[in-house]
Every structure is written in C-alpha cells, then in structure tokens.
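**Q** Whenever a hint applies, use it, and build me the whole structure from the sequences.
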Amino acid sequence: MQGKTGSESWQEVWDKSVNGPRALIDCWQEIPCDPCQEACAQGSIVLSSGICAPPALHAETCNGCGKCVAICPGMAIFLVDRSIGSGLARVTVPYEMRDEIRLGGEAWAVDGEGNYLAEGRITRVSGAGRPGRTMLLTIEVPEEWALKVRGVRGRRKLLEEPEEVEAIEAVEDFAFCRCEEIDYSRLREIITQGEFRSLPALRRFSRAGLGYCQGRFCQSILRSQFLADCPEEDREVESFRVRAPVRPVKLSRLGGEDG
Amino acid sequence: MDDVLSSEVVIIGGGVIGAAAAYFLCKEGAEVMIVEAEDLTAGASGACDGFLSLQTKQIGSHLDLTLESMALLPGIIEDLDIDPEYNPCGGLMLATNQDQLKELKARAKKVKAAGLEIEILGTQELKEMLPEVSKEIKGAAYCPSDAQINPIAFTLGMAQKAQGMGAKIIKGCKVENIVVTNNRVREVHTTAGSIHSRRVICAAGTGSNEIGKMIIVDIPVMPQKGQILVTEARERMLDRIVSGAEYLGTKANLDELLPKDEDAIRLGLGFTAEQTVSGNILIGSTREFAGFDKETTPEAMNAIAKNAINYLPWIKNLDVIRSFAGLRPYSPDGLPIMGPVKGVKGFYMATGHSGDGICLAAITGKLMSELVLDGETSIDISPFSLYRFK
Amino acid sequence: MAFNNFRILQHPVLGEKKNGKEVRIFLDGLPIHAVEGEPIAAALYAAGVRITRLSPHKKEPRGAFCMIGRCTECCMIVDGEPNVRTCRTMVRDGMRVETPRGWME
Amino acid sequence: MSLPCEQLDLLVIGAGPAGLCAAYEAAAVGCRVTIVDENDKAGGQLSKQIHRFFGSSHHGAGKRGIEIAEELFGDCLKLGVDVRLSSSVLGLFSNGEVMIDAPTQLCLVNPGAVIVATGASEKSLAFPGWTLPGVMGAGAAQTLINIHRILPGSRVLMVGSGNVGLIVSYQLLQAGAEVVGVVDTAGSISGYQVHAGRVRREGIPVYLGHRLLSARGSTGLEEVLVEAIEDGTVKRFEADVLCLAVGMSPLCDLAAMRDCRMVYEDALGGLVPWHGADMRTSQSPVYIAGDASGVEEASVAMEEGRIAGISAAEDLGSLNSGEAAERRAAIAKRLDELRAGPHSRGKLAAKERLYAR
Numbered sequence: 174m175q176g177k178t179g180s181e182s183w184q185e186v187w188d189k190s191v192n193g194p195r196a197l198i199d200c201w202q203e204i205p206c207d208p209c210q211e212a213c214a215q216g217s218i219v220l221s222s223g224i225c226a227p228p229a230l231h232a233e234t235c236n237g238c239g240k241c242v243a244i245c246p247g248m249a250i251f252l253v254d255r256s257i258g259s260g261l262a263r264v265t266v267p268y269e270m271r272d273e274i275r276l277g278g279e280a281w282a283v284d285g286e287g288n289y290l291a292e293g294r295i296t297r298v299s300g301a302g303r304p305g306r307t308m309l310l311t312i313e314v315p316e317e318w319a320l321k322v323r324g325v326r327g328r329r330k331l332l333e334e335p336e337e338v339e340a341i342e343a344v345e346d347f348a349f350c351r352c353e354e355i356d357y358s359r360l361r362e363i364i365t366q367g368e369f370r371s372l373p374a375l376r377r378f379s380r381a382g383l384g385y386c387q388g389r390f391c392q393s394i395l396r397s398q399f400l401a402d403c404p405e406e407d408r409e410v411e412s413f414r415v416r417a418p419v420r421p422v423k424l425s426r427l428g429g430e431d432g
Numbered sequence: 002m003d004d005v006l007s008s009e010v011v012i013i014g015g016g017v018i019g020a021a022a023a024y025f026l027c028k029e030g031a032e033v034m035i036v037e038a039e040d041l042t043a044g045a046s047g048a049c050d051g052f053l054s055l056q057t058k059q060i061g062s063h064l065d066l067t068l069e070s071m072a073l074l075p076g077i078i079e080d081l082d083i084d085p086e087y088n089p090c091g092g093l094m095l096a097t098n099q100d101q102l103k104e105l106k107a108r109a110k111k112v113k114a115a116g117l118e119i120e121i122l123g124t125q126e127l128k129e130m131l132p133e134v135s136k137e138i139k140g141a142a143y144c145p146s147d148a149q150i151n152p153i154a155f156t157l158g159m160a161q162k163a164q165g166m167g168a169k170i171i172k173g174c175k176v177e178n179i180v181v182t183n184n185r186v187r188e189v190h191t192t193a194g195s196i197h198s199r200r201v202i203c204a205a206g207t208g209s210n211e212i213g214k215m216i217i218v219d220i221p222v223m224p225q226k227g228q229i230l231v232t233e234a235r236e237r238m239l240d241r242i243v244s245g246a247e248y249l250g251t252k253a254n255l256d257e258l259l260p261k262d263e264d265a266i267r268l269g270l271g272f273t274a275e276q277t278v279s280g281n282i283l284i285g286s287t288r289e290f291a292g293f294d295k296e297t298t299p300e301a302m303n304a305i306a307k308n309a310i311n312y313l314p315w316i317k318n319l320d321v322i323r324s325f326a327g328l329r330p331y332s333p334d335g336l337p338i339m340g341p342v343k344g345v346k347g348f349y350m351a352t353g354h355s356g357d358g359i360c361l362a363a364i365t366g367k368l369m370s371e372l373v374l375d376g377e378t379s380i381d382i383s384p385f386s387l388y389r390f391k
Numbered sequence: 424m425a426f427n428n429f430r431i432l433q434h435p436v437l438g439e440k441k442n443g444k445e446v447r448i449f450l451d452g453l454p455i456h457a458v459e460g461e462p463i464a465a466a467l468y469a470a471g472v473r474i475t476r477l478s479p480h481k482k483e484p485r486g487a488f489c490m491i492g493r494c495t496e497c498c499m500i501v502d503g504e505p506n507v508r509t510c511r512t513m514v515r516d517g518m519r520v521e522t523p524r525g526w527m528e
Numbered sequence: 009m010s011l012p013c014e015q016l017d018l019l020v021i022g023a024g025p026a027g028l029c030a031a032y033e034a035a036a037v038g039c040r041v042t043i044v045d046e047n048d049k050a051g052g053q054l055s056k057q058i059h060r061f062f063g064s065s066h067h068g069a070g071k072r073g074i075e076i077a078e079e080l081f082g083d084c085l086k087l088g089v090d091v092r093l094s095s096s097v098l099g100l101f102s103n104g105e106v107m108i109d110a111p112t113q114l115c116l117v118n119p120g121a122v123i124v125a126t127g128a129s130e131k132s133l134a135f136p137g138w139t140l141p142g143v144m145g146a147g148a149a150q151t152l153i154n155i156h157r158i159l160p161g162s163r164v165l166m167v168g169s170g171n172v173g174l175i176v177s178y179q180l181l182q183a184g185a186e187v188v189g190v191v192d193t194a195g196s197i198s199g200y201q202v203h204a205g206r207v208r209r210e211g212i213p214v215y216l217g218h219r220l221l222s223a224r225g226s227t228g229l230e231e232v233l234v235e236a237i238e239d240g241t242v243k244r245f246e247a248d249v250l251c252l253a254v255g256m257s258p259l260c261d262l263a264a265m266r267d268c269r270m271v272y273e274d275a276l277g278g279l280v281p282w283h284g285a286d287m288r289t290s291q292s293p294v295y296i297a298g299d300a301s302g303v304e305e306a307s308v309a310m311e312e313g314r315i316a317g318i319s320a321a322e323d324l325g326s327l328n329s330g331e332a333a334e335r336r337a338a339i340a341k342r343l344d345e346l347r348a349g350p351h352s353r354g355k356l357a358a359k360e361r362l363y364a365r
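Protein chains in written order, with this note's numbering: chain W, 174 to 432; chain H, 2 to 391; chain D, 424 to 528; chain G, 9 to 365.
It is possible that part of the hints are untrue.
Derived PhoX-like pairs (lysine-lysine); straight-line CA-CA distance at most 25 Å [as the list claims (entries may be wrong)]:
hint, chain 1, residue 1, chain 2, residue 2
1, W, K423, H, K136
2, W, K423, G, K49
3, W, K423, H, K317
4, H, K103, H, K113
5, H, K317, H, K139
6, D, K444, G, K49
7, G, K243, W, K330
8, H, K295, W, K423
9, G, K49, D, K440
Listed below are several chain H residues computed to face chain W (Cβ distance under 7 Å; list not exhaustive) [as the list claims (entries may be wrong)]:
hint, residue
10, E233
11, I310
12, I316
13, K317
14, L319
15, V321
16, S324
Derived from the structure by calculation, the hints contain no laboratory data.
Note that this is a predicted model, so its numbers are computed, not measured.
We treat Cβ as the ideally placed atom computed from N, Cα and C, and that holds for glycine.
**A** Quick look at the structure:
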C-alpha cells in the first residue's frame, strides 16, 4: 500500500477530511518507533523500512478512529475533520494535561509553537477521568487552521517574557565540589599551577571529589575542567581508581553487625 | 624525547622522601631533578594516614632518627607555602588487656630512657583524654609528641618549595636504566630521555628493588599493603591519633603484642584512627604481602571495621565512604635503607622506610643532602646501611 | 493550607493521589504534616521547605539535589542521628528532624 | 571471623530495564538468577517514566515506562527470579566476591557470573548558585513529581533541550508547575522534535543558543540569569526551581573496581567498560548492559540486557553456544533497527568503535 509521509500527506488528509476525520501525522524524524502502525486496524499507517522510517499515511483508507492518536508516544498524530462544513473544521488532539477542559467549553487552539490560533468549542472529549489513558479532545476551529492545530490549552494566557537585564560584571565564585566546598577559583589555581598529570593526583590534592557524595557529581565536571584548563596536552587523563564501598555504608554494617 | 638533559643530582621518586631530599639539596644550592614515574604522591605517600607516631618506633637508632626528624619539622613547615596541616596532637596507644598494658609499661620505661616522653594512663585518666573509649580498654600509653600531618600536602609543599629554588620535576617519567661506567653513575635513561648525572638518589619506595636491579644491587624493599577505611567528614570528635597495642605488635613484630586471632595475624591487623582536618576519620589498618596489588578486600574491610568498633564503639555510626590501600616500602627489619652502594659511586639509597616515611622524611632529606654534597653525614647512618642485611 | 500547596492530588496520568495516613513530624521543633510512606525530604518540599542543611564550611543553604540518595545534600539530623539521607528515609509519626548548621570554622 | 559468603549462579546488579531483561532471558533457559537493586521497588528509571515509550512491541512501545516496569518485573517473578530489593552492591572484588548492603546486614555472595546493569547517573553543571536549594537534577524533580507526587516549586526553568529536559518539562506541566522556559547552549533542539513539540505547544519557549550564567537567591533559588551566546544579552527568569538535564553518564564504577578495561566515549556519556557485542567485558565472568555500558534509550537497554543474559547463560552452561549465538543475532537485528535513526548515529558509531577495540 502506498502512503505519504509528513507534510506530503497533509494535502491528501485535507482533501479526504471533507468525508470525515483523517489522521494527520506530524512525525518526520527517523525515530525508532512503530506503535501507530501496530495500532491501525485499517493498515493505513505503514513504516516503509524498519522502525525508524517515518510513518506514511494512506488517507484513502484511514477511518479516523483515533487509535493512533491515543497511542503515539510522541503525541504527534492528530485528526482533521472538515465534514461539518460551514467553514469550520474539527481537530482532535491527544491531551495529557490536567486543566479542566469541559465538553462544550471554550479553549485555545494553538499551533506547534504554542501560538494562539483560535478560540474554539470542545465538541468531544474521550478518555477523561481514566488515568493512564491519553485523552482525545476535539476542538472546532475555522477551517484555515485545520492543518495547523497541534494543541488545545485550557490555560488561556501566555507566559510573560523574561526581563532583559544588564550583563553581570564579574563571575561570582562558587563551590565546585559541593561536599568539600572547594571553590572554583581555587580549583583552577590548583589545576593551572599544580601541573598534575592525572585526575587522581588532582583529586588527591584539591580534594574535589573526595566528599560524602563520593564524587558522584563533580568527578565528571572535574574531568572536563581539567581537560579544558590543560588543553595543550593531548592525553588520557587516567580515571579514578574505584574502591569499595561505592555507596556509603555504616561502619557497624561493614563490621558485620546486624540491623 | 631526544634532548639530553642533565642535572647535578637526580632523585628517582616523587614521594615524601624524594621531595624532602630535593628540598634540602636545593637549600644547599644543588641542581636537582626529580623523576617520577606517575605523579607526586602517587605511591605510599599519597595512600597512607597522617600518623606521626613516635612511640611506635623501634628503640635505638630508629627512634633517635625519628626524634631528629621531628625536631626539623617545625622549621620546614614554617618555610612551606602549602599548609601541611601539622597538628601536634599527641597519640594514644590503647591496651585491650592487662598483658598488653604491662608490655606497654615496660616499653614506656625504655622509650623514656631513649629520650621520648611517654606516660601510661589508667582507665580513669584515659577516659578524661578519650571520653568515649570502650569500657574494655584497660589503659593506654600516651605520647605527647605524637602528631599528625597531611602527607600529601606535606610532600607537595616540599616539592613545590624545591621547585621554587630551581628543582625540576619530571612526572610520568619512568626510569629504564642507569648507566654506570668506571664504577660511577653517569646517566639515567628514562622514558623522557637520558639525563646526565653523576649523583642519583633512589627514593623510589616500593619501586626501589627494580631500580637496584639496574645497577645490579639487591635492594630488599618489597611492597607491604596497608588498607584503610575513610569515613564521612564530621565535626572534630577525635583530638588525638589513636592506635591499638596490636598495631605496634604487628608493626614492630613484637610477639607479646600480636593479635590473638589467626585471621588478624594473617592480615597484620592493627587498629589506628585519626581525624583529618577535612573531618574524615581514617581507620586502619593491615600489613599484608600481596605484591603490587592495591585492591581493598572484603575480608580486611570487615576486619578493620569490627576491630575499630572494639576500641571506639561510637565510631560504628559513621558512614564509610571510601577505602584505599597503600603499599609501604617494607624492609626486612622495618628500618630505612640509607647510604651509598659499594662499587657504584654516586648512587645513594633513601628507601625502605616501611610505614615511617612521612615521619622520617625530614631527617632523611637532610642526611641525603649532606651525603650527596659532602660525602658525610651529621648523624651516623651505618645502622641503616644496605649491608646490615645478610 | 500549606499542607497541600505542593502536593499533586490530581494527575492526568497517575490519577488521584491515594490518601495516605497523615502523620506529624517536627522540623527544628515546628510541626509539619506529612503522609505515611513518603520520604522526609518530600514531606519538607510539600510544606514548602527547601533548605535541608547548611554546608559545613561556608554554611550555605543547601537542598535536595538528586532525590535518589546520592548527593547527600539532603542529609539531616533525624531523631538525633546525624547525616540521615532524608530523600530515602520515610517519615514516621513524631519524628524529629533538625537542620544541620555547618560545623567547620 | 570473616563474613559468610553465599554461592550464587547468576547475579544481576540493577533491576531496571536492562537488568530485568537480562534476568528474564537467563532464567528462561534455566539459570538460577538473583537480582539486587538498591531501591525498594524494581523498575529502575522506568518507575518514574510516566510517558509512553518509543520502540516496537518488543520494547513495550506505546506503553508508559511505569507499565513496562511492572510487566518486566512480573515476568521475572513468574520465572522464579530471586529479587532482592533495598540492597546496594558496595563492591565487586577480584576474588569474585560481591559485597552487598542488604536490608538487615552486610553480606557477601560469590556468583558464577555477574551482569552489571546499574544504569546511569545525571551529569551536572557547576556554575555560580548551583548549590542553592531549588537547583536540582531533572531526575530529582521527576522523582518528586512522579513518585512522591510533590512539586519541587511553582516556577521551573529547565536547562537542556535533550529528551530528558523536554520530557521532564512536560511532566512538570502535567504535575501543575509552571515551566518558564527550556534553555540550551546548542543552536538546535537536542531531543526529538516530537518531544519539543509537546512542550512548545503548551506555550513553553525554548531558548536555544543560551548559556546559564548564574542562579541567585538568598535562602533558595529566586532567579536565574541566562545569556544569549550570540549577542550577550542577559535574560532574567524568575524561578524557584532550576532543573539540570545536561546528560547522563554511565554508572559503571563496579565494573571499574573489578578492573574491567575502561574506555572513554563521549557519545556514550563518558567512561564505559569495554565490551563486545555479546556484552562481555574484559573481565570474565562480568557482563555489562544498558546505560552502564553507554547511555542510550531504555529500549536499547532492554535488548542489551537480553544479550547479556544470554551470554551469561551460555557461560554458565545453560545454553549451548550455537543456540546462544542465534538468540543474540536475533536481538542484534532488533538493536540495529533501534539504532538506525540519525539520533543514534553517534552512539552507534561509538559502540562499533568500542566492539572493535
């Protein structure tokens, strides 16, 4: 069976949607994913080669059941239905937010960037009140938005823009190693003056990475910082020797006491 | 590298002994080069606790040497730009039974006669000094001169100071051969090229045996593993360095003070504990012969932990966050090996300090400087001669 | 009431939060409502408390960073025991939790 | 005086997707399998993944992570796998012993084979203010909202536009927080467009080419300064939570302790134990699987786990080598498919380099 991927198929969906809902697939990256194909009882969604191929839709046979919309892990499949006429279209989107969206209520239809397209009436809600299910919301919008709608928002306001401020002058110092509280400036001083060859030596002396967290959080940044500050030497920096215990353990435990 | 390097003195090894030798040599204006196979403090000096334990030294030349070393320490520390966290905190050696206490008493007498202040504490006096010590402890030997230091900072401090006086430090540089012609050291072949030098100090710690082979001398130093547990950092709770009498037993091989348990004897188990400036408590330790293996083992970790709790019960609530093993440069009688080598002029040994390298570094460095530059030393070092063996 | 401000009672995927038994813990002496089965650090977040300790050296405020028992930033004094990982220790009624206030000079 | 040591056949460390699949495959051919996990629940990271998964039906695609975790765990239990939770492995030793901090005591086990499936840990960034309460790993926020059902704050700024950053942003919205933006130094979205789409259609701006300058506040996070790399303009976000989603690094210190040869591969998250396509490391009988062998998707972790389980079963004598090879080949084919997309190209190349080294 033939089918078209991405925006190629959208024209067809547009055309066929005068007869009822059709799936609009907005998934064109090669993602290893195929539940839409599995979910489609009509066989209208086909991945041409392997599971990374973008799904191709055969709009002719699509019956608009919406199973693919509900299961798509990327929430990237929608339904477009122009059968109601009078310049309106119904768009069905997957929905997993907890805003109170009521059947018959008004909501915003938004595009892929979250821009407001239109305010529309919710004409269908399926899967509501069933945790774990992806809800399908159908919103009625002017036909010209039918292919653009990617979301429905009950929260009808926009985020305020962040304020622009004057650049801060000096970089404040901070603890590079959270546990031992080794300052960033101190660490860099040690790196640049200490002429350490290896990470273990740097750690031994700076104590960055020797704290209670066992270096979980600073060892990898310590490595990057070390390489960044000593770029002239192209070398393996030797990794830390790992010794038990890799998790802190009470001395009494280690000594064999129970409890 | 094709460049031909040269130096008046080459020191093999960037541990505490090498750094101290470089420090003293530079003070005398010598031209010094340290060649280190890995990084400074990569060996025993970076994998030990900070014990400066005087009371565990062998009575005689060993203790005399130690006292000389400790006398030098304040001056060196004053001179360093890196704080080595020296703390003259005093040290307690705990006896778990009356026999041990008796032995400690007998020993204290001799130690005092040798010039080291030491005091035997009964349970009551001990409690005042170490309130949370186990009720099982029968008494202790207290040595006010015992102290602690950060061995890594101490080593780096001396190396850095030497560098400031012109010493060159080549890291990641393995010595491959030592060229001797006409009974004199001429050249050191390394992975970083050849270094012309007529004076070489072997401060290679556990690597000394390998170095000795290059000049066909058997330096009887072998690695003796010591395992240590590190706890989480806490506020100051341990004001002194603390050890068990069995530690002295295994260290100095004193039958009367050896542990009774067979496994403990096999592991060379002896209790030590110190709290570092960073707040961590280092808990030791073992004496094992396992070649160059630095793995910590479940058996030893378990034994060290259990043992420590017997001495200081409160310690059991601390989290252990690390363990490590260091390889002490063990010599057959526990004394350092210092001095020249017969038939190879210009080759000097400063190795085999066993577990006492940090403590003896200062005096070793000074003596090496004297020996290399003047051909004689201010203290008789014949007790430490290689030729005492056999 | 602060008790529920940060609690997610309704969730579109996870559904309604099952009502756990309410317990009371004390943070530096002040009572805080918590729910049985949740870790201390979570209960503190629910109450709007973000500081779990002051760092030992600089006495900077710190808060839970990983929530899986690795970072040790959430370590507090619990019923007198120091350095308890509060992100992995469940609340108990009457538990006394204290904020460590740093200890290095 | 030493601790008693229990003999085991196969020990799997980590009950996440890789570990559970490894245990399942080995148990299915008759191995006696023990899984240990430090958490009190099996499932690993799946336990906080409330979104539907990519992949194919083999990987439970279209299901939510929490459902997949339950299924995999149930499958293991059915096969009689011995699951020990709240048990942290503290060390793997060269004598073959494994030290475990179990719920009531420390114990040693000596297994015939060990599969290390310990997953990954979140990477971090160090910057002024990163120690303020309110600054946390994205995973920490995810644990709070999806497991404990508690919001870390009310206004969140996310750092990192990779899949984790995008998914956690979405889940924060689902939980009722306001997400004021996603920032990334990269010039394009690092994660999948579909994940970005879900976030953006909720009105969350993604600030690409922006660099974190500092987090500020007195007793906790109050604001975050972010700089546009191109023109140096600085934006100030009011936020009480700053989530860091800047990548994961393999949690393979146990393999390193056991002296497995380690290899640095940036694309895989950092140091990883060398391993072959059969998931054997340089130290027999230690196997590696999942994120611990290089950070990829959960679906990849599952397949790698299966391969590791089969290899271990083979070495323990529960599978003949022909059969084992055949099974591995079938899984390898699925793995190839999973890694065929452009997003996996770097990781695939890194894995192939690794196998060849």
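**Q** Look at each hint and say if it fits the structure.
**A** Tested hints:
1. K423/W with K136/H: Within the cut-off at roughly 22 Å; holds.
2. K423/W with K49/G: 22 Å, holds
3. K423/W with K317/H: Holds. K423/W to K317/H sits at ~7 Å (cutoff 25 Å).
4. K103/H with K113/H: 15 Å, holds
5. K317/H with K139/H: This hinted pair holds, its Cα atoms lying about 20 Å apart.
6. K444/D with K49/G: Cα-Cα ~21 Å, so holds.
7. K243/G with K330/W: 21 Å, holds
8. K295/H with K423/W: 23 Å, holds
9. K49/G with K440/D: Holds, because 19 Å separates the two Cα atoms, which is no more than 25 Å.
10. E233: Hint holds; E233/H Cβ to chain W Cβ min 5 Å, cut 7 Å.
11. I310: Holds. Min distance 5 Å.
12. I316: 6 Å, holds
13. K317: 4 Å, holds
14. L319: With Cβ-Cβ at 5 Å, under 7 Å, it holds.
15. V321: 5 Å, holds
16. S324: 5 Å, holds
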